[in-house]
Amino acid sequence: MSNNNEKVDYVFKVVLIGDSSVGKTQLLARFTKNEFRVDSKATIGVEFQTQTLVIDQKTVKAQIWDTAGQERYRAVTSAYYRGALGAMLVYDMTKRQTFEHMTRWLEELRGHADKNIVIMLIGNKCDLASLRAVPVEDAQEFAERENLCFMETSALESTNVESAFLTALTEIYKITCKKSLSADGGYGKSSLKGTAILVPNQDADSGGKGGCC
Amino acid sequence: MEILLDRDAYGFAVRPQHVQRYREYATIYKEEEEERSDRWKDFLERPSEFVKLPVNDSPSQEHKADSLDADSEKAPEGDDSKEPEAQTTHQAQIWAQIRPSLRAIEDMMNARVKKKIIATKSEQDAGAEEDSEDEFYDMERSESDPIPDVPSSVGVSVPASGADSNPTVSLESSVLWKQELEFLVQGGVPMALRGELWQAFVGVKARHIKNYYQNLLLPDNKKDNSDDHQKAEVDEANNKSTVDSIDVPEKWKLQIEKDLPRTFPGHPALDEGGRNALRRLLTAYARHNPSVGYCQAMNFFAGLLLLLMPEENAFWALLGILDDYFEGYYSEEMIESQVDQLVFEELVRERFPKLVNHLDYLGVQIAWVSGPWFLSIFMNMLPWESVLRVWDVLLFQGNRVMLFRTALALMELYGPALVTTKDAGDAVTLLQSLAGSTFDSSQLVLTACMGYQNVNEERLQELRNKHRPAVEAALEERTKGLNMWRDSQGLASKLYGFKENKTENKITNGGLSRMSSETSSVDELCLEVNSVPDLPEQVARLKGELCKVLEEKRSAIIRAEELETALMEMVKQDNRRELSAKVEQLERDVAELQQALADKQEQENAMLQVLMRVEQEQKVTEDARRYAEQDAAAQRYAIEVLQEKYETATASLTEMEKRVVMAESMLEATLQYQSGQTKAQPSPRATKQDSSTIRTSQELSPEIPARKISLLSRPFGLGWRDKNKADVKATSEEQSPKPTEEQTDIKVTGDEPTAKDDENVDQMENVSLVDDGK
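Residue numbers (my numbering), protein chains in the order written: chain X, 1 to 213; chain S, 1001 to 1774.
It is possible that some hints are incorrect.
[Claimed, not checked] Going by beta-carbon spacing under 7 angstroms, a handful of chain X positions derived as facing chain S:
#, residue
1, SER21
2, LYS41
3, ILE44
4, GLY45
5, THR50
6, THR52
7, ILE55
8, THR59
9, GLN63
10, ARG72
11, ASP127
12, ALA129
13, ALA133
I should point out that these hints are in silico values taken from the structure, not numbers from a laboratory. Idealized CB from N, CA, C, for every residue including glycine.
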């Protein structure tokens, strides 16, 4: 039940959303390719990248969907929220408005994504400290109120980018583990020993096997 | 244009991972370019052989061009002069006619455009075209012509008055000419002609309205007097609060500003002047069509057009592409783009069932990849050479068919590779990267054009009509959610906004070409609706319609929900079927194993039984052996006993013999004594006559035995008997107590001692006989 090259224990789908030109594409490029493109172009529709990493000795493959920021693209991009286990809600800390739109994006997520989705609030461009328009306290307060994780990042200087994604993915991992455990409990003791039931088209079979035979 | 290190012949950046491939193809492109330049040159010169004066324009045309040029140069150039005009030479003029040699093509395309405009004109009161009286007449002429192609083919000879020429002569050649043109377009447009040919294809001249572009930019020019664009931004920021109510298009300005530096960043032609032109272009379009406004992706189209043609021409080309080719695509709701995705998915399902099966299995939706392809018209998705080749055909055809054909060709080219992928992420990434390396533009375009000819406009329209309701229902659902959100934000009264939205939609569905213009935003709608003079009269009717529509909406929502649950059910069942198939397989395996196990157990049991039987037999033999041993022991013991008896018997026999000898000797002696006494005493035989009758018979037998018997039977004298009493007792003690009794008897009945003695001897004889028999 493994890929030809490596075994993937979990596949987590994560979406990157937020106003346009807050640096979603750059965050993704920094995380997956460790590069920052000075000549970045506007994202049309969606773009897609994967990154494989190890959490708690498990191989986790992150499928990250980078969406267009312009409001009208939401009709198109909200279709990508389905099945997402995590969302990175990105604003530009030098532009107050992008932060103020976070409530709206949150609404969008709560309306179209799974209920248990892990949401990470990200204030990008923290290298431009002198232009800061959103105080950390505001963002923290907002994150606490809405029960989000929060981090300030800089895709340009590669500050916190990896740890932001890692935090979100670890959080997803924890939730999924808990969920699969309780699901196992419901199944009956026989399947407790089986492999985790997470990768939908792979390990799920083995988990099911443990349960029914 | 120079080929820079990481830029292609058009000045676009080549991705680092593709530089190598690009270099390989650069020479091919160059050869192809030369080849097609020759072909086009040949093609464009040929009709001129027909006609004597090909280059000479008709006076009217020339005059018009002049006036246009003059106008455009006066109006915007004058105002924009403070802006640093570092534009490349082809942008020195803001409006330019295309070269005369292409006029034939242009006229043909213009005729197409005009036809379309006329078709929609009757429903459009927007009198934006009142300036173009002469063009209107052109329109009428081409309209009245039974075959639209005819004027274009002969238009070369007499460009201004194509309809005047003799159609019968050129009819056949025009068809051939058009076919050849199509073929040439599929083969690619030469770089040098591309800008002008594209204008011809889109029908820029037919769309052009004098001063329209300049008027659209007028507010800017007033406001922006003597200020650079940073000032403009500040202005805009100041105006932000009031912008919505005063100047609707201005709300796009922020987004446009964001995207200006993100449009072909680093392209040599898009310097500051180029960006200003881009800004003007996008702003003008947003004002021209506020219902669409500005949508990301337009910046790329506008940028590309600016690279190929003067600013105003680019504006009209952009307008043609967005309002005509891609109507409803980039509007607020993006309905048509979503509809096209459903249509494309259906086409892929029909063409590549195997691939779709695999993608379904992985959970990949084709729209994930094709959505961005369509929305960006392949810009940034394919190598530039391929993008431009696709655009050549797309603009020539005048509709979105080429989008579908190209996307299908890409699926055909890369489907086989996709089937090998193992998860959704890999599949999407692979398709993206393969598409990004489609350097063989000729293969792509020819596959698309030749292989998918039956994917045509009528077919697509049919499919669009089929899928549109689903998209509209989804939109309904969304706007409902959005309205709820707005409600929570305490904005305008919801029911009102919703009502307006609905009713306006109804009207526009009636056939307005700019139907989406009325659905842009609630605020705008309120404005527009309020400005309509005969609103009160319509209210009653609209209310009725509203009710109807609301009812429809409700049922549609219910239906959608039902469908969704049904779909979920199907998906679940599908999963269940797979799982149950697996379970069945496993159960079969288990049953097999159990069968094998049972067989083994049976065998074991059989073995056990055999073993037990063997054991039993062993036990039986053991027992038998033991019995035999016991028997043997008993026999041995008996033998011993007998031996003993035999020995004692022989011992007693010898004793007896001794006694016999003794007795004989005694008898001898006695006889001798008797013989000596006979004279004195009578024989004792007279007293014992009855008992000795047998002995007498014995005595009659031969000499020796008779002697013996007589020895035994001869009665002993009392004295002799007493003497041997102890001896007899000793020999018969172990045998039985009887002799002693007899002895006592003998003692008691001393009268007949000899008879008793005889019996005793007989008994002893008997015993030894018995012992021997054993």
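How the hints compare with the structure:
1. Of the supplied interface hints, the one on SER21(X) holds, with its beta-carbon coming within about 4 angstroms of a beta-carbon of chain S, less than 7 angstroms.
2. Given hint, LYS41(X) at the interface with chain S, holds; its Cβ is 5 angstroms from that chain's nearest Cβ, closer than 7 angstroms.
3. Nearest Cβ of chain S to the Cβ of ILE44(X): about 4 angstroms, under the 7 angstroms cut. The hint holds.
4. Checking GLY45(X) against chain S: minimum C-beta separation of about 4 angstroms stays under 7 angstroms; hint holds.
5. Given hint, THR50(X) at the interface with chain S, holds; its Cβ is 4 angstroms from that chain's nearest Cβ, closer than 7 angstroms.
6. For the restraint placing THR52(X) at the interface with chain S, the shortest Cβ-Cβ distance is roughly 9 angstroms, beyond the 7 angstroms limit, so the hint is violated.
7. The closest approach between the C-beta of ILE55(X) and any C-beta of chain S is roughly 17 angstroms, which is over the 7 angstroms cut-off, so the hint fails.
8. Against a cut-off of 7 angstroms between C-beta atoms, the interface hint on THR59(X) is violated, since the closest Cβ of chain S lies about 12 angstroms away.
9. With a least beta-carbon distance of about 4 angstroms to chain S, the hint placing GLN63(X) at the interface is held under the 7 angstroms criterion.
10. For ARG72(X), the suggested interface contact is upheld, since its CB lies about 5 angstroms from the closest CB of chain S, less than 7 angstroms.
11. Interface restraint check for ASP127(X): the shortest CB-CB distance to chain S comes to about 18 angstroms, outside 7 angstroms, so the restraint is violated.
12. Below 7 angstroms, beta-carbon pairs count as interface contacts, and ALA129(X) has none with chain S, the closest being about 21 angstroms; its hint is therefore violated.
13. Violation of the interface hint for ALA133(X) is found here, the shortest Cβ-Cβ separation to chain S being roughly 12 angstroms, above the 7 angstroms cut-off.
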